[in-house]
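Engineer: Go ahead and model the full structure; you've got the sequences and the hints to work with.
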Amino acid sequence: MTVEELRERVDGFPTRRIHGYRVRAGRPFPYGAHRVPGGITFSVYSDRATAMSLVLFERGAKEPTAELPFPPEFRVGSVYAMTVFGLDAENLEYGFRADGPFDPAAGDRFDASKVLSDPYARLVSGRDVWGAEPDWDDVYPYRARIPDDDFDWGDDTSPSIPTEDLVIYETHVRGFTRHPSSGVSAPGTYAGLREKIPYLRELGVNCVELLPVFEFDELDNPRTDPRTGERLHNYWGYNTVSFFAPKAGYAATGRFGMQADEFKSLVRELHRAGIEIVLDVVFNHTAEGNEQGPTISFRGLDNATYYMLTPRGEYYNFSGTGNTVNCNHPVVRDFVLSCLRYWVSEYHIDGFRFDLAAILDRAPDGTPLPNPPLLEQLAYDPVLRHTKLIAEAWDAAGLYQVGHFPNYGRWSEWNGQFRDTVRRFVKGDAGLVGELATRMAGSPDLYQGRTSSASVNFVTAHDGFTLNDLVSYNGKHNEANGENNNDGADDNHSWNCGEEGPSASAHVRELRTRQMKNMLTILLTSQGVPMLLAGDEAGRTQLGNNNTYCQDNELSWFDWGLVDGPTAERELLDFTRALIAFRHAHPVLRSADHPIGADRVGSGYPDISWHGVRAWSPDWSDHSRTLALMRCGRHAKDGTVRDDHVYIAVNAHWEGHDLELPHLPPGDAWHLFADTTMTAARPLGAETPLEHPGRYHLGPHSAVVLVGRAADPR
Amino acid sequence: MTVKLTSRTEGAACVVALEGEINSTTSGGLQAQLLPFIGQEGKVLIDLSGVSYISSAGLRTLLIVHRRAQQVRARVTLVSLSEEVRFVMSATGFLDFFEVTDDLDDALERAGR
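Quick note, the sequences are listed as chains A and B, same order.
Numbering of the first sequence is given in our numbering, commencing with residue 1 and proceeding in unit increments.
Numbering of the second sequence is given in our numbering, commencing with residue 1 and proceeding in unit increments.
In case anyone wonders, no lab produced these hints; they're calculated from the structure.
Just so we're clear, the structure is a prediction, and the values are computed from it rather than from any experiment.
From the three backbone atoms N, C-alpha and C, an ideal C-beta is built for every residue, glycine too.
Treat the hints with caution; some may be incorrect.
[Unchecked claim] Chain B side only, calculated, beta carbon under 10 Å to chain A, not exhaustive:
# : residue
1 : 49
2 : 53
3 : 54
4 : 63
5 : 88
6 : 90
7 : 92
8 : 94
[To be verified] Partial list, derived from the structure: chain A residues whose beta carbon lies under 8 Å from chain B:
#  : residue
9  : 89
10 : 148
11 : 149
12 : 150
13 : 256
14 : 261
15 : 265
16 : 571
17 : 574
Structural biologist: Right, dumping it as structure tokens:
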């Protein structure tokens, strides 16, 4: 034995037996179940319970093996903590039974007939294989387990990419590779996604944002597809069962309980490829729903702590899903903070996108707080200090905070106004040139005093039309969701280019492709952080369904035939890749500070300048549908690096326009990088000099990107 | 459930054949049995053809043996993984750490050189 080996601990011995199990009082922290020498310590909080017991199951057994009441001496404050010796963690499932008053008006909904899942469970069993029929009569459907948390990370560390340099790719673990065309060895899983990392590298994205991966129940949707009678799922997973546990059904090894290792391995390989990982997290509500919902954990442990309740003890429903997590209650703040710290430290997660984040700044009675303690705490937390924090800055009860979400200089926001402006402009709505200019400059109107990384720019996201559907459908087509097409958003700002749905017309198809390229061009040349929806780069369609939360089928899955099959959308894919590469190559598009329209470095050019058919004369009038802008390369990264000048012109008019180009510094000339009326963009560094150095014809419904750099020697 | 270990010397290599399931019940004892082979002269080949399942704890046991071997600059190769074991090790990323082969004879021949 060496000195490095730990000596035995004097508290490593039981003090008594309960039902034959050797136990002693445990330490209250950390919450949850943790291995200690010789045993496992279980710790759970409940303020209002009158009795608490630990319920032990052998893995998969219908009935518990034992139920150990916590003796009164094992309680510290309102925390019950007990060490049980001699357990085999790998074959153990555990839960709690809490007794206490059932008095909804007072906020209490204890139910001693239920075995409750540990809110801090780091591994949960019950939905181990996606979609597999469970035992619906199980006395304990979502079973807490204890993971092996040693993992060989090597020297893994976050790529630590500055937020303004990110190109985010939003995707769904299952949908990304579940389609038979994916060609991966474990379709629809973390391992499958890992196999596609080379594709992500080639595409050029440097951040993957995953739809929820905290354990949820894909079978909690009671609806069926009215046309086929098939079960509808909770495919997206915005209904968390367990916040510390990675979704087992997303792991090829979920049936062996190895989802933690499989997910960590994915993170490690993403980092190795220089790609960050952001998780979409849902702290606004839980899977317990309203009064009619199942009692899984929180409701039975301490309903009044975890949920926002009306004075009569009913659930507030700011989330639109039945309940609202009481985020600014001190105990719940601690829960959220612990959870995020856990994912950052244990899973090396680089950032979080908070679903319906406006709820996180509501007080326990629902009032929006000017200085919400939870958001402030997350912004300044030492472990989360370099973690990206992104808010979906609205909720389902009308609190809309885009531009004024409490941010502490740390929070970014999904910029819904960018989405709407770009969609409306590109489809041809009038009166938007001024607003488009503001959006392309990083929305300084919304984010005054913050850096441009406050704005996560997007045109499409999981919620809504795909890019292809945005140019193929005027209206949503959600019949398959079983709600008579009443679900999903109606304000899509989409235009089908002349025909609803798939079209055989070459003209319509060409226009659609061009419109998609126009939107991608605006997205990827705008200041702020661009986010792409997975599959949009290859023209993925959901056949007009703009709310596929329940569709676990080809409607949602990425068809890899679009990438390399006979139906491949190579033109769009190559164009997207080229645009992403262009963005990475041109720091002038990625400054942190907003441009001010003035020369800040003595280059003779303003950092950003606006143009129209005439150089330096933008047409801001209501009937205008054409805008051009120039970024001065000397201002790149706030003047710290040199770049080319970049000129971007967008035309939503059905007629073309001859543009007069602004003069460049002596020796420089305009070169064409991309014109959406042409099939392909030019390779980086091989942009072609213009035929007429000072003019360019901008086609109808098109966009063009020029670079101003040293003229080729002739 | 136990895991059975038999060993034999073949030329410059030591072949350790395992049989059964490597899980939390068996892995502790297995680790104690495997470690003495590490640091002996020559290469250690762990024949897994008789192993039907390796649990989370079992994977860790193998990785610890592998890391201990690296500390003393010894070489450990896993031989003849069942399809299921290989799948689990691949999906969890554990496979990346090991030298793996399907062909014992081939491994022996390479160890001999």
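Engineer: None of the hints should be skipped; say for each whether it holds.
Structural biologist: Each hint tested on the structure:
no. : hint : in the structure
1   : 49   : violated, 20 Å
2   : 53   : holds, 8 Å
3   : 54   : holds, 9 Å
4   : 63   : holds, 6 Å
5   : 88   : holds, 5 Å
6   : 90   : holds, 7 Å
7   : 92   : holds, 4 Å
8   : 94   : holds, 7 Å
9   : 89   : holds, 7 Å
10  : 148  : holds, 5 Å
11  : 149  : violated, 10 Å
12  : 150  : holds, 6 Å
13  : 256  : holds, 6 Å
14  : 261  : holds, 4 Å
15  : 265  : holds, 3 Å
16  : 571  : violated, 35 Å
17  : 574  : violated, 32 Å
Hints 1, 11, 16 and 17 from the earlier list are contradicted by this structure; the remaining hints agree with it.
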